[in-house]
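Under our numbering, the letters of the sequence shown match residues 18 to 172, in that order.
A hint or two may mislead.
As the list claims (entries may be wrong) - Distance condition first, Cα-Cα at most 30 Å in a straight line; then the derived DSSO-like pairs of lysine-lysine:
1) K69 with K81
2) K167 with K79
3) K134 with K167
4) K79 with K69
5) K81 with K53
Honestly, the hints are just simulated from the structure, not real lab data.
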Amino acid sequence: MTTLTLHSHQLLMLGEQSMESLKVVDYINKHPVRFKPNMPVAEAVELLLASKQSGGPVIDDKGKLIGFLSEQDCLMQMLESTYYRQQVASVYEIMSHEVHPVNPNDSILELTQRFIKERYKLYPVINDNGELLGTINRSNILYAIDIHLKDGFKQ
């Protein structure tokens, strides 16, 4: 019988072998909002608002992941812009340069642990060449676990 124990600092235990078989690649958003490093922040904010996503990868002209832009990054820049009455910053200037991507073959179980521990809202998913495949967020993870639980209860 499958048991579900979820505490903020504990691992989700659902019959570990079957959870290990759930892979990131099967639950990614293949069409995330994407940013270019030279894009003005104002344009990036418009893209974020239109996409209803909380952030997105910054990619170079070859499709390689070089950074990550979050709502938090934009909020800080917009607040600063209100003080100085100028909005000339580029995405490159405010993005996070330290990115924590995941591999498409990582297990959902491992990624769930990372989400709980690191408290990021989403991660970019890249292949072995550093090319962006998409993003995965907390809702994608919840969906994967929900499907797994429903399938487990049907058996």
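Okay, the hints, checked on the actual structure:
Using a Cα cut-off of 30 Å, the hinted pair K69 and K81 holds, with the two alpha carbons roughly 23 Å apart. With a C-alpha separation of about 41 Å, the suggested pair K167 and K79 falls outside the 30 Å cut-off, and the hint is violated. Distance restraint check for K134 and K167: the Cα-Cα separation of roughly 25 Å lies within the 30 Å cut-off, and the hinted pair is therefore satisfied. Restraint check for K79 and K69: the C-alpha separation of about 26 Å stays at or below 30 Å, so the hint holds.
At most 30 Å may separate the alpha-carbon atoms for a hinted pair to count; K81 and K53 meet this at roughly 11 Å.
Of the numbered hints listed earlier, the single one contradicted by the structure is hint 2.
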